[in-house]
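Could you put together the complete structure from these sequences and hints?
Protein chains in written order, with our numbering: chain A, 1 to 291; chain B, 1 to 70; chain C, 1 to 396; chain D, 1 to 184.
Hints were generated in silico from the structure; no laboratory data involved. Each residue gets a CB set at the ideal place from its N, CA and C atoms; glycine is no exception. Some clues are possibly wrong.
[What the hints assert, rightly or not] Label-pair distances were calculated between CB atoms; the ranges are:
id	chain 1	residue 1	chain 2	residue 2	range
1	C	D369	A	E113	54 to 60 Å
2	C	A222	A	D158	45 to 51 Å
3	C	G323	D	K150	53 to 59 Å
4	A	K84	C	G258	54 to 60 Å
5	D	P75	C	S2	41 to 47 Å
6	C	L215	A	E7	31 to 37 Å
7	B	V59	A	E273	33 to 39 Å
8	A	K188	D	E156	56 to 62 Å
9	D	S111	C	A185	46 to 52 Å
10	A	K84	C	P209	52 to 58 Å
11	C	G378	D	H160	42 to 48 Å
12	D	K150	C	K186	29 to 35 Å
13	C	G244	D	D147	29 to 35 Å
14	C	K381	D	D147	45 to 51 Å
[To be verified] Simulated pairs of lysine to aspartate or glutamate, EDC-like, Cα-Cα distance not exceeding 16 Å:
id	chain 1	residue 1	chain 2	residue 2
15	A	K84	C	D200
16	D	K30	D	D54
17	D	K56	C	D278
18	A	K84	C	D278
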Amino acid sequence: MYNDEFEKYYEEQLIQGGTTCCPGCGGPLFWKLALKTLGKNTIVYGDGPCAMCALRSIKIPHYAIHFSFIADGATGISAALRAKGRNDVTLVSSGGDGASSDISFGKISAAAERNENMIQICIDNEAYMNTGIQKSGLTPYGAWTTTTPTGKESNKKDIPMIVAAHKVPYVATASVAYPQDLARKLEKAKSIDGFKYIHTVIPCPTGWRFDPAKAVEVTRLGVDTWVNPLYEVEAGVLKVNRKAEAKPVQEYLGAQGRFRRLSKDQIAYVQGEVDKKRDDLLANDAKKIIH
Amino acid sequence: MSQIVRSFAPKVDQEKCIGCDMCQLYCPESTVMLTEEKKVVFDYRFCKGCGVCANECPVGAIVMVKEGTQ
Amino acid sequence: MSFTRMMEGNEAAAWGAKLARADVVPAYPITPQTELISNIASLIADGTMKTEYIKVEGEHTAMAAAVGASAAGARVFTASSSQGIAFMDEPLWIPPGRRLPIVMCMVNRSMAPLGGLRPDHNDSMHQRDKGWILLYCENSQEVLDTILQAYKIAENPEIYLPVGVCYDGYFVSATATPTTVPDQAKVDEWLPPYKHEWYDLMPDSYKMPPPKSFLKQRIGVAEAHQKAKKVIEAVDVDYKKHFGRGYGGLIEEYNCDGAEAVLVTMDSMTGTAKDVIDEMRADGKTIGLIKLKCFRPFPTEKFREIAPKYNAIGVVDRNNSFGSAGGGIVAVELARALYDLSERPVIANFHVGLSGTDVTMNQIRYMADETLEAAKKGKVKQVVDWVETHDLGEVM
Amino acid sequence: MNEIRFHGMGGQGAVMGALMLAEAAFNEGKYAQKIPVYGGMRRGGDVTVFLRLDDKPIRRTSGIYEPDAVIVLDPTLVKHPPTRSGLKKNGVAIVNETVKPDEIDLGVPLSKVATIDASAISAEVFGVRAIPIVNTIMMGAIAKATDWVKLDSLFEPIMHTFPGRIGELNVEACKRGYDAVEVS
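Structural data, given as structure tokens:
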């Protein structure tokens with residue numbers, strides 16, 4: 001039933017249905033939404049182990065090595081595009097949170113420093129999920145993983161701001177729960193020369209411990225509680241994209257099994273950190289923060 | 001393509017459906033589609049039964065039913 | 001136009017990359033490879049060379065960027081040494097399996113700890129199991145010529161393997177000898193632009209090889225290595241026809257007529273050995289020389305063909321393979337190559353020139369004499385002889 | 001084959017000097033080879049360079065243990081054991097020293113000794129430096145003291161190595177070396 005229609009639909013969506021990702025994974029959802037904006041004239045390099053499962057299903061040129069290779073191969077592709085005089089092609093380099101914040105953090109920093117012409121995307125599901133949920137540099141405070149059985153004791157790295165500090169032309173955070181905002185940011189990134197960085201926290205029902213059906217709902221809560229706020233830094237100027245009043249972090253934390261062990265004090269601590277970050281973002285909204 | 005295994009499958013009540021497109025927009029696996037006649041259809045070959053479409057449906061037109069009864 | 005002048009090995013390598021019209025050069029500096037990439041930077045700066053030189057932040061990225069660029073249709077050149085090659089270990093596995101014809105200069109330098117800045121062959125020889133073709137060069141001229149040959153070999157659709165062009169740090173890299181840089185137009189005629197028949201990453205013509213099983217991929221690399229032996233020899237013959245210089249393809253037999261024993265050398269020590277062999281021949285000693293130009297693929301058939309002529313082969317290993325079946329890497333390989341011959345020479349094995357110590361004329365005389373003695377007695381004194389432990393004079 | 005060993009300190013230009021000399025010889029139709037021996041790219045520390053000149057292609061890449069000649073770029077290196085090591089009887093020595101040639105003792109009888117106060121000339125031409133640049137001055141001295149290369153042949157390699165004003169200064173230094181050297 002409708003098989004032919006669906007084949008046509010997958011061609012248009014540039015992604016094949018039925019990836020090898022878990023049910024409710026944000027990876028294929030991100031690529032579906034992103035490819036709509038990026039279009040056919042795009043090369044995607046790299047992986048993020050889980051999102052790699054999604055990348056295998058995309059219908060545009062993609063080339064991945066493996067986990068510890070982030071931004072680097074894209075640097076080579078970018079040079080090849082220059083050598084061939086192909087400035088019409090959009091080059092996207094993706095990486096997971098572990099790659100981007102831990103093992104290949106230096107590679108992203110170096111590509112940013114060289115201002116390579118590519119859109120670097122961090123697909124952040126907040127732990128090493130493909131190996132069975134181990135803590136990464138982007139695992140949030142208090143989250144259970146198999147290597148932090150009592151909850152992570154340190155905070156998440158602020159990679160978007162770290163990349164912004166490299167004075168790259170464009171940095172943004174985006175969410176699959178807000179597809180229009182995501183599309184606009186990718187569109188903007190496409191139009192800018194140089195290194196663009198987009199950070200997106202995607203849901204992982206398996207590692208975050210929640211019902212896959214709530215994938216988008218939980219991700220939306222992440223934005224609405226300001227745990228994962230939406231902002232962009234263009235030419236050093238900060239712009240907060242969603243300024244709605246914050247919901248209590250408890251709504252977001254309580255929706256996920258990985259935060260089940262958090263004490264009241266710990267939740268208060270998280271709320272305090274989020275409040276500070278929100279105040280900071282709002283205080284600097286529309287200001288030049290990177291000089 | 002790996003074999004899809006699912007316990008539940010989405011089923012739409014076309015009467016309730018308002019054709020808002022949310023199910024198609026948020027389906028992680030791109031297996032929900034709105035036909036030209038604004039009819040919601042599922043690609044059961046690839047749907048994993050995650051239930052995001054049902055959860056995101058603003059009018060509760062999609063329900064998850066036991067696999068085989070959709 | 002073609003010109004000849006005094007040139008260090010690293011400068012010759014830069015000219016090799018320039019003449020090959022390498023589109024992309026991702027590289028990270030390390031002694032003694034540094035002058036190679038700074039020479040490339042100079043050639044780019046003065047407009048002689050047109051290439052995308054990516055100043056990457058480490059060797060791991062250098063090879064990863066090389067992989068990306070090669071798959072995207074660019075001819076890629078890179079280079080490293082010693083610990084840098086070791087840092088590249090993970091990505092070095094990718095080009096053979098993905099069948100990407102990257103050419104990389106491995107400017108030999110000993111490994112840590114206690115290794116100095118000067119050469120032995122462990123850094124490049126440790127790449128022997130990954131699927132890279134490994135060619136060793138004696139001097140600046142051979143470095144330049146071998147880089148051009150390397151692209152021709154690597155980009156052969158029957159082969160599609162990366163090639164390591166290896167040469168000793170200092171003794172080749174910083175040693176200046178007269179070197180001829182061939183005419184660009186003539187090189188262009190001989191080496192056509194790079195186009196991979198399997199890969200195209202451009203959106204309008206996207207093409208990727210279909211996924212293979214791990215086993216099939218591995219067998220593919222093994223078969224390509226087997227085929228490469230013929231291709232390497234043919235490319236050398238063809239190069240000689242066009243440019244007047246050849247290096248024997250897989251191996252070069254030097255002064256071997258009527259020899260009862262031969263030494264097997266690699267890299268820069270070969271030049272010294274040639275002088276010593278000539279002297280010893282003049283003294284009536286029946287010793288010859290085999291220069292092992294191509295270490296991977298190992299020229300098994302070639303050795304099996306010529307080995308029965310000799311009573312002993314003295315293998316000079318400028319490397320260590322600790323706890324091996326017996327001696328250095330080349331000796332062990334050669335023993336396997338000759339194992340099922342009904343008549344085979346004895347194999348003497350020497351460790352010399354480790355951590356960049358000089359391989360002296362006296363040391364080569366000593367090794368030649370020991371090999372001749374083994375030929376006469378039909379057996380060796382010891383499995384492996386650490387030549388540097390003997391006082392043979394020639395110290396400063 | 002003429003086997004020559006340079007002994008200098010990092011920063012004096014021994015490696016470059018030997019290369020320029022090799023280039024000059026090559027331009028005259030000889031075969032030449034330069035092998036440097038040094039550690040990292042730092043200044044200070046001793047530097048040895050091997051230079052071979054011959055009428056036929058040079059193949060050996062080993063070090064020079066019994067040199068036909070030594071070039072000593074710094075007075076402190078005269079007593080340095082490696083400088084004296086293996087120097088052939090009736091060999092040649094060209095030394096950056098203030099003393100007369102017959103006062104130089106390298107442990108063996110020599111056929112020719114030349115001395116030149118290259119450090120002083122360097123100070124005059126290039127200014128005073130902690131480690132004086134003496135290579136081109138020594139090259140001029142070599143051209144006068146030996147038949148390895150002609151003085152004129154040195155100018156092209158110098159100008160090629162240091163284009164412009166620096167090159168002109170070095171050519172001047174080279175000529176000063178040629179004029180000032182004392183040969184036994």
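Evaluated hints:
Look at C/D369 against A/E113: about 57 Å separates their beta carbons, and that is inside 54 to 60 Å. Our hint of 45 to 51 Å for C/A222 and A/D158 holds, since their Cβ atoms are close to 48 Å apart. Taking the beta carbon of each, C/G323 and D/K150 are about 58 Å apart, inside 53 to 59 Å as hinted. For A/K84 and C/G258, the hinted distance range of 54 to 60 Å is satisfied, since their beta carbons lie about 56 Å from each other.
Our hint of 41 to 47 Å for D/P75 and C/S2 holds, since their Cβ atoms are close to 45 Å apart. Under the hint 31 to 37 Å, the C-beta atoms of C/L215 and A/E7, about 32 Å apart, fit the expected range. Against the hinted window of 33 to 39 Å, the Cβ-Cβ separation of B/V59 and A/E273 comes to about 37 Å, which satisfies the hint. At roughly 57 Å, the beta carbons of A/K188 and D/E156 sit within the given window of 56 to 62 Å.
For D/S111 and C/A185, the hinted distance range of 46 to 52 Å is satisfied, since their beta carbons lie about 50 Å from each other. In this structure the hint that A/K84 and C/P209 lie 52 to 58 Å apart at CB is violated, the actual value being about 20 Å. About 57 Å separates the C-beta atoms of C/G378 and D/H160, a value inconsistent with the hinted range of 42 to 48 Å. Between D/K150 and C/K186 the Cβ separation comes to about 34 Å, which falls inside the hinted range of 29 to 35 Å.
At about 32 Å, the beta-carbon gap between C/G244 and D/D147 stays in the expected band of 29 to 35 Å. At about 48 Å, the CB distance of C/K381 to D/D147 agrees with the hint of 45 to 51 Å. Between A/K84 and C/D200, the direct Cα distance comes to roughly 12 Å. Compliance with the 16 Å bound is thereby established for this hinted pair. Simply put, D/K30 and D/D54 have alpha-carbon atoms about 6 Å apart, close enough for the 16 Å limit, and the pair holds.
Of the pairs offered as hints, the one joining D/K56 and C/D278 holds, with about 15 Å between alpha carbons and a cut-off of 16 Å not exceeded. For the hint pairing A/K84 with C/D278, the CA-to-CA distance comes to about 51 Å; that exceeds 16 Å, so the pair is violated.
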